[in-house]
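Engineer: Respectively, the protein sequence lines represent chains G and C.
Per our numbering, the first sequence starts with residue 5, numbered consecutively.
Per our numbering, the second sequence starts with residue 333, numbered consecutively.
Everything labelled a hint here was simulated from the structure, so no lab data went into it.
Since this is a predicted model, take the numbers as computed values, not measurements.
Take these hints with a grain of salt, some might be off.
Said to hold, decoys possible - Covered stretches of chain G (in silico footprint by chain C; criterion: 3 or more residues with CB under 8 Å from a CB of chain C, positions within the stretch not fixed):
1. 31 to 41
2. 58 to 68
Claimed, not checked - In silico BS3-like links for lysine-lysine, alpha-carbon gap of 30 Å or less:
3. C:Lys408 <-> G:Lys140
4. C:Lys352 <-> G:Lys72
5. G:Lys81 <-> G:Lys91
6. G:Lys86 <-> C:Lys408
7. C:Lys373 <-> C:Lys343
To be verified - Listed below are several chain C residues computed to face chain G (Cβ distance under 7 Å; list not exhaustive):
8. Ala355
9. Phe359
10. Ser406
11. Lys408
12. Arg415
13. Gly444
14. Asn460
15. Ile464
For every residue, glycine included, the Cβ atom is placed at its ideal position computed from N, Cα and C.
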Amino acid sequence: MTIFAATPFLGTVFGNIIGGFFGSPFGWKWVQGLMSIITGLLVLIGMIFVPETYSPVLLRYRANRLNKSTTFIYRSKFEEIKKIDLKTHLKNSLSRPWIFLFREPIVLFFSLYMAVIYGILYMLVGAFPIVYHEEKGWSPGIDGLPFLGIGVGIVFGIIYCIFDQYRYRKSSSKYPANDIPCELRLPPSIVGAFALPISLFWFGWTNYPSVHFIIPILSGIPFGFGIVLVFVSLVNYMIDSYVIYSATVMAANSILRSLFGAAFRLFILI
Amino acid sequence: MKRFYVTDIEKLKNFAYRGKGTAEEPFLIDWIDDDYENPQKWNRIYKWFLTIFVSFTATVVIFCSSVYVGEFDSLKNEFQSSREVLTLGISLNVLGFALGPLIWAPLSEVFGRRIIFLITFLSTTAFNLGSIGSKNIWTHVILRFFAGAFGASSFANVKLLN
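Just chain C, same shape as in the assembly (with noise of 0.2 Å):
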């Protein structure tokens, strides 16, 4: 995908970075002077608008949870379920939060946020989607608590903004 922000690669290849180029003593990468591929150095508005992206994903997987409560009634005459098991399905899914990130952070240090917050999130979309065809309760309380879990990798992140 083309970037927004492209540094020249001329001037990449001629900064004098610390180290020497050998396999042993390796050129040491750091963001060079006016980098415009630095993120920090972004357009002002930009970076506002990515932090406040960033922890809207988080409230959208908190809103995902909470607003469950609108399919109690109907889940009730679907389902015949009784209140403790239709509760599991706001339980579950909190309990998703607690264990999704901890999969979640580590893979985004190592592959990079963006690529895992679009992974997750197709999943929790398509666990959310796949529930509308749930058979029985259980089915659906499950697919909630995975639904958590991979939705849970906004928190990861909006942890690691600062």
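Just chain G, same shape as in the assembly (with noise of 0.2 Å):
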């Protein structure tokens, strides 16, 4: 399931790209009006085939109708101790998120190297424009092709991830259901740590004018390639470790990569 958490990146790739051409033919107004019609198209199929999932809500609107047909009193499992108010999940929801960035040194540490990952990315996404549309003169539209080596990295990654499945399965079943360690998720993010920056050196030494296109443009495979190796796993891990307060660490990470992805987008501009 978590290999779905890879496929935003596959976003990235295509919004560049497909950004490019768009544009340059029809302008910024229709570059939204792109963006309202899928975000609209997604609601109108949300409305249509996307019932409601998530068990404690079903469950306990199930309470609610058989209360009002029934002489008895009933309430859903997840509400047998406490109510769920809106007032307790807002609080933690913005206060938990903070504590366990600044004192658990897994998700500090592990977010971290995330943020940094996710800011690299926002950054080749600023340096590919300078390298392939000012420096080889591309015109807009073919300068975001480049963008295609990250996507082919990131597909490589996906079916690593899948392939590696049998790997986790197959260690995992040494131990007990109930006590297999967490780090067994972890070995994917020791290739795509070697593989990320192997991919930045090989596009900071081939980008010049005078070196063949290609050749930058495939140091993009070992950096998407990288990226959901290093993804995947590391969110695997966190969701093991911290397993019912995972949703609040991964809160914790996201928060944290999306402020170094807007920061870093900054340093390069264009």
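Hey, can you piece these two chains together into the complex? The hints should help.
Structural biologist: Here it is, written out as structure tokens:
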């Protein structure tokens, strides 16, 4: 399931490619129009085909329904001890991620690592137009195609993670079901952690106008590959080790990541 | 709205729940055996569709964040704005990703995933559409912040899929 955590990266790749092709002939208003059409379609599909799937909410509705139609009192098992109320949830959601971020070294360092990688992705997004548009003089639209290198790497990464499930199942079967070490999730991130700097050195050394364009484009493959491997295994590790707090931990992680993404993007201005 | 899967209400009433049905010890509702309304027991293909749909919503929000690069040239021509301000259109959008889920995650715990998704995505669509009418770059950039913050509800959903 967490393999789906990797698909949003493809959004970055396709956003950059389609943005160039779409924006130069049609202008910014139509790019905004394109966004509205896609999100609007999702609302429509969601309205028709996507029901509520969250058990605590479904069971609460069911309890209410039974309370009305019978003389007994019913309550959802998720609210056995305490009623779910918005105020507590809001308070926890606004405070807990920060506590985890600053008091749990695992969360802090994993999130920092992922945030730096995410920030570098956003810097690359800014660097590509400089290399291919300004240096090599490619026209808008065409200059977004080099992102396909990263895209191919992401697909390779997803395939790797699918096959890695077999390794995980095999090595976790040696342990009792309730005592599987979370560390078994981590091996792919070792491969990913090497792929990322290799890709960056490769890109940095070969992006001059004198080098054939395919060489720096190919450097995107290890980057896309590495980012998927690192993210999927670290996310799985954190979900496994913080079990009931995993949602909070992932919130902490995504706050730091988005802050880095927003800031790193401003380092390269185009 | 009519649901795809409905469990017979008589079956629900007759099931032996934990508890006594009184105010002090209410019946504790759990999924019963062969409960059609339990999402985990739905058709495999339909469950796959839902999973892919949810991850696709997150992908689309990221897509909308980066497809903005296509607006740079025409925005620059129209508003004569600097690179710094234009880049804010991405950065503020991503900043919205950091702040939005803090609100959407607890709301979807209480009110459910579906309704929060529909409301936030309808809002994102409205912000995206609304910014077409921007008369200056600042309006545009600020509306993009809100589009990001509302769209980010989908990230909270993806994480909680597991």
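Engineer: Now look at each hint and say whether the structure bears it out.
Structural biologist: How the hints compare with the structure:
1. Judged by the Cβ-Cβ criterion of 8 Å, the segment 31 to 41 of chain G is covered by chain C as claimed, because 9 of its residues qualify and three suffice.
2. Look at the segment 58 to 68 of chain G against chain C: 8 of its residues bring a Cβ nearer than 8 Å to a Cβ of that chain, three or more, so the hint holds.
3. For a cut-off of 30 Å, the pair hint linking Lys408 (chain C) to Lys140 (chain G) stands: about 22 Å separates their Cα positions.
4. With a C-alpha separation of about 17 Å, the suggested pairing of Lys352 (chain C) with Lys72 (chain G) holds against the 30 Å cut-off.
5. A distance of roughly 20 Å separates the Cα atoms of Lys81 (chain G) and Lys91 (chain G); the hinted pair therefore holds under the 30 Å criterion.
6. Distance check on the hinted pair: Lys86 (chain G) and Lys408 (chain C) sit about 55 Å apart at the alpha-carbon level, beyond 30 Å; violated.
7. Taking the CA atoms of Lys373 (chain C) and Lys343 (chain C), the gap is about 17 Å. The hint holds against a cut of 30 Å.
8. For Ala355 (chain C), the suggested interface contact is upheld, since its CB lies about 5 Å from the closest CB of chain G, less than 7 Å.
9. Checking Phe359 (chain C) against chain G: minimum C-beta separation of about 5 Å stays under 7 Å; hint holds.
10. At its closest, the beta carbon of Ser406 (chain C) sits 4 Å from a beta carbon of chain G; the interface hint therefore holds under the 7 Å criterion.
11. Violation of the interface hint for Lys408 (chain C) is found here, the shortest Cβ-Cβ separation to chain G being roughly 9 Å, above the 7 Å cut-off.
12. Against a cut-off of 7 Å between C-beta atoms, the interface hint on Arg415 (chain C) holds, since the closest Cβ of chain G lies about 4 Å away.
13. Annotation: Gly444 (chain C) was flagged as interfacial toward chain G, and the flag holds, the nearest CB pair being 4 Å apart, inside 7 Å.
14. At its closest, the beta carbon of Asn460 (chain C) sits 4 Å from a beta carbon of chain G; the interface hint therefore holds under the 7 Å criterion.
15. Because the smallest distance between the Cβ of Ile464 (chain C) and any Cβ of chain G comes to about 5 Å, under 7 Å, the interface hint for this residue holds.
Checked against the numbered hints given earlier, the structure breaks hints 6, 11 and satisfies all the rest.
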